[in-house]
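*Asks:* Residue numbers (this note's numbering), protein chains in the order written: chain A, 1 to 61; chain B, 1001 to 1222; chain C, 2001 to 2231; chain D, 3001 to 3255.
Think of the hints as simulated: they come from the structure by calculation, not from any bench.
Just so it is clear, the structure is predicted and the values come from calculations on it, not from any experiment.
Even glycine gets a Cβ: it sits at the ideal position worked out from N, Cα and C.
Heads up, a few of these hints could be off.
[Stated by the list, open to error] Simulated pairs of lysine-lysine, PhoX-like, Cα-Cα distance not exceeding 25 Å:
#	chain 1	residue 1	chain 2	residue 2
1	C	K2058	C	K2002
2	C	K2202	C	K2058
3	D	K3152	C	K2058
4	C	K2002	C	K2202
5	D	K3114	D	K3172
6	D	K3152	A	K37
7	D	K3152	D	K3083
8	D	K3083	C	K2058
[As the list claims (entries may be wrong)] Some chain C residues near chain B, calculated using beta-carbon distances under 10 Å:
#	residue
9	R2034
10	G2038
11	G2078
12	E2091
13	N2092
14	R2097
15	S2098
16	E2118
17	P2132
18	F2135
Each chain is listed here by its residues.
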Amino acid sequence: MDSFFADLPRHAEYVAAVYLMAVAVFGGLLTVALVVKKQRVKELAELEAAGIRRRSAKKQG
Amino acid sequence: MNWMTALFVREFKIAARVGGGALIGVLFFLAVVTVFPFGVGPDLKMLARIGAAVLWIGALLATLLGLDRLFQADREDGTLDLLLMSGRPPELIVLVKCAAHWAATGLPLVISAPVLALFVNLEPTAIGAVTLTLLVGTPALTLIGAVGAGVTVSLRRGGVLLSILVIPLAIPVLIFGVSAATAAVGGPTPFLTPLLYLCAISLFALVLGPVAAGAALRVASD
Amino acid sequence: MKLICDSLTCERGGRRVFENVTFQISSGEALIVRGPNGVGKSSLLRVIAGLVAVRSGKMALEGGIEDRTVPEHCHYFGHLDALKPSLTALENLSFWRSFYEPVELAGFSSDATLGASEALETLEIGHTAHLPAAFLSAGQRRRLSLARLLVVPRPIWIMDEPSSALDAASERTLLGLMASHINGGGIIIAATHLPLDLPNTKYLEFSRGDGRDDEGLAEDYDGFGDSGDFL
Amino acid sequence: MTLYDLANPTRFLSLVERIMPWLIGATVLALATGLYMAFFYAPEDYQQGVTVRIMFVHVPSAWLALLCYAMMAGSSIGTLVWKHPLADVSAKAAAPLGAAFTFLALFSGSIWAKPMWGTWWVWDARLTSFLVLFIMYLGIIALWRTMDDPIKAAKANAILTLVGVINLPIIKFSVDWWNTLHQPASVFRTDGPALHSSILVPLLVMAGAFTLFFIMMHLMFMRNEIYARRIRAMRMRAASAAQPHANVTAQIREV
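Extracted from the complex, chain A is given alone in its bound form (with noise of 0.2 Å):
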């Protein structure tokens, strides 16, 4: 694996730059979506603890 960093000849930094911009930008994008995702999943328990019955929930009895 290393002697694939060795033999980079010029320019090897602007492909280095490329994708880790890549990576940055999918990881940002999946971080994103998941720390969202974790925070609406809580709200929505916090107000179906708090009783307020979204319409579409059988009513309990």
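With chain A fixed as given, assemble chains B, C and D onto it according to the hints.
*Replies:* Chains B, C and D alone, transformed into the frame defined by chain A:
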């Protein structure tokens, strides 16, 4: 007097009257054009080269300036509800309002263009070319801008967002307008080709603008 | 001529405003919409005027002009006066006179075919004809907006709190105009607390339901765009 | 699994939960093979040296940027014409993704041009068109965020997106025309189909990986948006009436 002329006359009167906004467009156009030499420098040869672009960008910004009140004023005082409810096709209502807006703000820009062209040292043929391209191109700016105005009608400060939404759509008008104007003075390309593209875009906007803006107004009405 | 509304349901901004409102009203009748504030009276009027899309339910006009929608038979007199301050009273009124399409129907003889200046006279604001609307008082502006109903004959008047900002004298004039419209075979649908002494007046009472769950609309779509016509 | 099932938000969520693990697995696998092939399978280009590897990010992200806009246009038609309840959720979820891919295409494109032109930005026809597309994406996202009522925002955005998609070819044509007029700087001569298979295969694998990633993220963002809509509906229900679930109705009374 049929309803369309009545609407046109009313819109034109409102725009032309003191609080209207017709003259403000021209003043803004003057301000934008005069600010360029302060940035670019007073070198007349340089100004002549970019003169057409300066006038076109000024006209684009001046048109966008007056557009966000195109529907918002009517929405706030309840007129838009009555216009939409009257049974008249919203597309035609938008078309007439755009015509009145162009007559009140677009046309003065075209008329003042030759005068402002002197500031950027354009020679007579170039002045004629720029004015002609503005005459043909500014309707497209108003019609495309009407789509932005329709989509942002229910927003409090929709004006800035309107410009962001409309400028990408107005880029072809700017490109063909400026290149037609510079081509008239002996650029690489013939004068007629970009001018005809510009006319095509204006005619296309004549259909797309009212249809899209009419749909947007219907959506925002409730 | 009869206006038939069948189980109208209205949602605005994802919030259920009212549901299953059913009523019928024929010419020569007035319908007074009553209920606590914020319960949806204005929304119902805007639904009839076609300004608000209805989530489900149907609205039909029997005896109207075939190829015209219900709103094209209506005048809408809402809270906002729809007046342009920089235009004079006469300009404002004559615009609406030439913009709105009059409706001629059998069984509906209306004296609302006045010229712009005559309408201003009947509402005692003739002297303001050449004044820009900005100079008018709230009551005068309200009467100028009311004049719009007199310059173009349309059978159905939809009025949302018509007596607001009107003094006692103008209220009497308003009542007189409404009465003559009804007697001429027109329909009035009004949300008002004004005691309207007209022969055949019906009342539509808005009330909060008993809280039972509504099985009608699929509940999974709560908070989503119109799902009705997709199912 | 008819389109009808996809229309019901609850069923859509359970569908997403079911296929998400598979989707994540497939995306990771595809990305891994794509990266491996990009670096070890594809030969270096004799002229550009190692920078040709940038193409394996630039071209797929450019394709995805356009695919996103096409998805948004389709969803807009779904919102306006078929009134599909999840169409606007899909359009709203695709917008940030489209902007991200367009940004990636712009970033990788300008870095690709750096060695040849020595500047960070070149007004090349393709790059400029993507810059305009980027501004359009940001405008759409801005419109989504400034309108509070999601249902009206959905229809306004649908109209804006459709007007945008109609204008895209005109913008592309005018930018190309403008480009040939001024200075024919062209960074990308690899548009031609005559790509050698050793370059083409990794490119297609990367494109497939990017598409899988797009589908995964799109479903995730849609899931979040459905949660947001439900939270908003419940909050409104709580605020709107004394009894949280009173429904208003009206009856005719003679008195």
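*Asks:* Looking back at the numbered hints, which does the structure fail to meet, lowest number first?
*Replies:* 9, 10, 16 and 18
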